[in-house]
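Engineer: Listed in order, the protein sequences are those of chains A and B. Going by numbering that gives the first Met the number 0, the first residue of the first sequence is number 0, and it counts up by one from there. Going by numbering that gives the first Met the number 0, the first residue of the second sequence is number 0, and it counts up by one from there.
Source of the hints: derived by calculation from the structure; they are not laboratory data. Treat the hints with care, since some could be wrong.
[Claimed, not checked] Here chain B is said to cover these stretches of chain A; the calculated rule only asks that three of the stretch's residues, wherever they fall, bring their Cβ under 8 Å from a Cβ of chain B:
| hint | segment |
| --- | --- |
| 1 | 75-88 |
| 2 | 101-112 |
[To be verified] Cβ-Cβ distance ranges computed for the label pairs, FRET-style:
| hint | chain 1 | residue 1 | chain 2 | residue 2 | range |
| --- | --- | --- | --- | --- | --- |
| 3 | B | A258 | A | A193 | 38 to 46 Å |
| 4 | A | G178 | B | H6 | 29 to 37 Å |
| 5 | B | H6 | A | S173 | 31 to 39 Å |
| 6 | B | L254 | A | S146 | 39 to 47 Å |
| 7 | A | R110 | B | L93 | 40 to 48 Å |
Just so you know, these numbers come straight off a predicted model, no measurement behind them. No residue lacks a Cβ here, since even glycine has one placed at the ideal position from N, Cα and C.
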Amino acid sequence: MALIRVEGVSVAYGKPPHPVLADITLEIQEGSFVCVLGQTGCGKSTLLRLVLGAEQPNTGRILIDGREHRRPDRVCGYVPQKYSLFPDRTALDNITFGPEACEFGLFGRLRPRFYARRRAWRQEAFEYLVKTGLAPGDGHKYPDQLSGGMQQRVAIAQALINKPRILLMDEAFSALDPGTRADMQHLIRTLWQATGTTILFVTHNTQEALSLGTRIVVLAREGSGGSRIMADLDVPRPCEESEIPRLVRRLEGVSRQREDRRELEYKAPLLDG
Amino acid sequence: MAFGLIHAKPGRGSGALLSWMLFAVGIGLYIYTAAERHRANPDDRIVPTVAQMARGMYDAVLQPPEGVEAQGGNRFFSGMLWKDTEATSRRFLLSMALLIPAVILGLHMGLFPYVGVFFLRFVLFFDKIVALSLLPILFIVFGIDELSKIMLIVIGVTPTVILDTFNLTRSVPEEQVVKAFTLGASDFAVAYRVVLRQIMPRVLNSIRLNLKAVMLFLFAGEMIASTDGLAYRIALLRRHMGMDVIIPYVLWVALLLFAVDFGMRRLNRALHPWFREA
Chain A
0 MALIRVEGVS VAYGKPPHPV LADITLEIQE GSFVCVLGQT GCGKSTLLRL VLGAEQPNTG
60 RILIDGREHR RPDRVCGYVP QKYSLFPDRT ALDNITFGPE ACEFGLFGRL RPRFYARRRA
120 WRQEAFEYLV KTGLAPGDGH KYPDQLSGGM QQRVAIAQAL INKPRILLMD EAFSALDPGT
180 RADMQHLIRT LWQATGTTIL FVTHNTQEAL SLGTRIVVLA REGSGGSRIM ADLDVPRPCE
240 ESEIPRLVRR LEGVSRQRED RRELEYKAPL LDG
Chain B
0 MAFGLIHAKP GRGSGALLSW MLFAVGIGLY IYTAAERHRA NPDDRIVPTV AQMARGMYDA
60 VLQPPEGVEA QGGNRFFSGM LWKDTEATSR RFLLSMALLI PAVILGLHMG LFPYVGVFFL
120 RFVLFFDKIV ALSLLPILFI VFGIDELSKI MLIVIGVTPT VILDTFNLTR SVPEEQVVKA
180 FTLGASDFAV AYRVVLRQIM PRVLNSIRLN LKAVMLFLFA GEMIASTDGL AYRIALLRRH
240 MGMDVIIPYV LWVALLLFAV DFGMRRLNRA LHPWFREA
C-alpha cells in the first residue's frame with residue numbers, strides 16, 4: 000500500500016473560484032524521494048501543504064498510511080523555504096524543540112525529569128548538528144547569526160530528530176547560492192539514504208529535481224483550469240550522465256508545451272479580432 | 000548633498016553636544032526668564048527661581064503631607080513626595096498587572112479563530128470609546144476610591160494592548176505555527192511556547208509606548224477624586240499657585256516614567272537576547 004495517496008484533489012481560491020489544482024491523483028511509496036517540479040504559481044506548494052495537512056482540498060482527499068490526513072502532525076516533518084527556525088531559540092534549542100514538545104507538553108519544565116531528559120536530547124541534537132555538517136559551536140547561535148545554508152541544515156536536523164515518516168521540503172534550497180545549494184543537495188541525499196525517510200521535495204529547478212529525486216512529478220497549468228500532473232517519471236539511480244540531457248529535454252518539453260499552449264490561448268482572441 | 004546629509008554620522012563628542020543642547024537651552028531660558036520676572040516683581044509666583052524650587056522640594060521631601068503626623072525614623076519615607084510617589088506607584092503597578100490578561104486575550108484572539116471572532120468586533124468598538132468621557136460614569140458606578148481609577152486605566156489602555164498583541168500574533172509567519180505542529184506541539188504549546196515567546200519583546204515595546212497613556216489616565220483619576228498621589232498633589236498645589244513644587248513634581252514624574260521605560264528596555268534586552276530592534 001502506498002504511504003501517501005492523493006485522491007482526485009482539486010483546490011480553488013477566491014471568489015469567483017480561481018482553480019489552482021485540478022483532479023490530482025498520486026501515489027507515493029514509502030522510502031521514495033519524489034520531486035514535484037513546476038513553474039512558479041502552478042500549485043506545487045499547495046500540493047505540499049495539502050499533504051502536510053495545513054490546507055484542505057475543495058474536493059478529494061489525502062490519505063497517509065490509509066488514513067485521512069487533515070492537520071499537521073508528527074507524521075510529516077516540514078522544511079519551508081523561509082521562517083524555518085524559531086528565531087527566539089538557539090540552533091540547539093530549535094533541534095530539541097520537537098522531542099521536548101512530544102514528551103512533556105506545555106508545562107514540562109516544571110517536572111524534575113525534564114532536565115535529565117533535556118541533557119539526553121541535547122546530546123542527540125549535537126549528533127544531528129554534526130551529521131548535517133555544522134560545528135558543535137554553531138549550536139549556541141541564534142538563527143540570525145547563521146547563514147541561510149546553515150539555517151536550512153539546522154531546519155533539516157530539527158525535522159529529522161523526531162524521525163518523521165515523511166519529510167516535506169518546500170523550495171527548501173531556493174534561496175541559497177549555487178555552491179551551498181549543491182552541498183545541501185548532497186546532504187539531503189545522504190540523509191535520505193541513511194534514514195529511508197520518504198521525501199516530497201518541491202522545486203522549480205529541473206536540474207535539482209533530477210539530481211535528487213527517484214521520481215519526478217511535473218505539475219503544469221492547462222488552459223484556465225487548475226494545474227494537473229503532466230509528467231510522472233522514475234529517475235534511474237544511479238542516473239547515467241548520458242541519460243540526463245534526455246530527461247531534461249523531456250521535463251522541460253512538458254513545461255514548454257504548456258507555455259506555448261497558454262500563449263496561443265492568450266493570443267487567439269487578439270488574432271481573431 | 001542629500002546623500003551626504005543622510006549618511007552623515009555624528010561623532011561621539013558632537014553627538015553628545017547636540018543631544019544635550021535643547022536641555023541646556025531650555026534650562027538657560029528658564030533661569031533667565033525667572034531672573035527677569037523676579038527683578039520686575041520679587042513676589043512673582045508663576046516662574047519660581049531655582050532656589051525657590053529647591054526650597055519647595057526640600058520641604059516636599061522632608062515634610063509629611065498635611066493632616067499626617069510626622070512619624071519617627073527616616074523623615075524621607077514619611078515625607079510628602081515619598082507618600083505621593085508610593086500611592087501613585089501602587090496604582091500604576093496594579094494597572095500594569097492588569098495588562099497581563101490583555102496580552103493573553105490578544106494572543107488567543109490572534110491564534111484561535113473562534114476567540115478572535117467572539118471578541119474582535121467588541122474590542123474594536125471598545126477601543127473607540129474615549130475613556131475620559133466615562134469618568135463620571137465610573138465614579139458613579141465604582142465610587143471615588145481606587146477601583147474607579149484602575150478601571151479608567153483598564154478601559155483606556157487595555158483595548159490598545161489587546162489589539163496590538165492580536166496584530167503581533169497574526170504577524171507570526173504561518174510556517175512557524177505549522178512547523179511547531181509537525182514537531183509535536185499541542186495548540187497551547189504553539190500559543191505559549193512558539194508565538195508568545197516570539198512576540199513578547201514587541202509586546203513589551205508596545206506596553207512601553209503605552210506607559211504615557213497609563214500615566215495620563217491615572218493622573219486624570221487622581222486629580223479628580225483622590226486624597227493622595229502625585230497628580231492629587233499637583234492639583235492641590237495649583238490652587239495655592241505653588242509652582243515652586245509643581246514644576247519639580249512634573250519633572251519627578253517624567254524622571255520616574257523615564258526610569259520605568261529604561262528598566263523595561265533593559266529587561267527586554269536581558270530576557271530576549273535574540274531580539275533585534277528595528
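Engineer: Give a verdict on every hint.
Structural biologist: Structure-based check of all given hints:
For the segment 75-88 of chain A, the proposed coverage by chain B is satisfied: 11 residues have a C-beta within less than 8 Å of a C-beta in that chain, meeting the threshold of three. For the segment 101-112 of chain A, the assignment as covered by chain B holds, since 3 residues bring a beta-carbon within under 8 Å of that chain's beta-carbons and 3 suffice. Distance hint for B/A258 and A/A193: a CB-CB separation of about 57 Å, inconsistent with the stated range 38 to 46 Å. Checked against the given bound of 29 to 37 Å, the beta carbons of A/G178 and B/H6, roughly 33 Å apart, stay inside it.
For the pair B/H6 and A/S173, the supplied restraint of 31 to 39 Å holds, since their beta-carbon distance comes to about 33 Å. At roughly 45 Å, the beta carbons of B/L254 and A/S146 sit within the given window of 39 to 47 Å. The hinted window of 40 to 48 Å between A/R110 and B/L93 is violated, with their beta carbons roughly 33 Å apart.
Hint check: violations occur at hints 3, 7; the rest are consistent with the structure.
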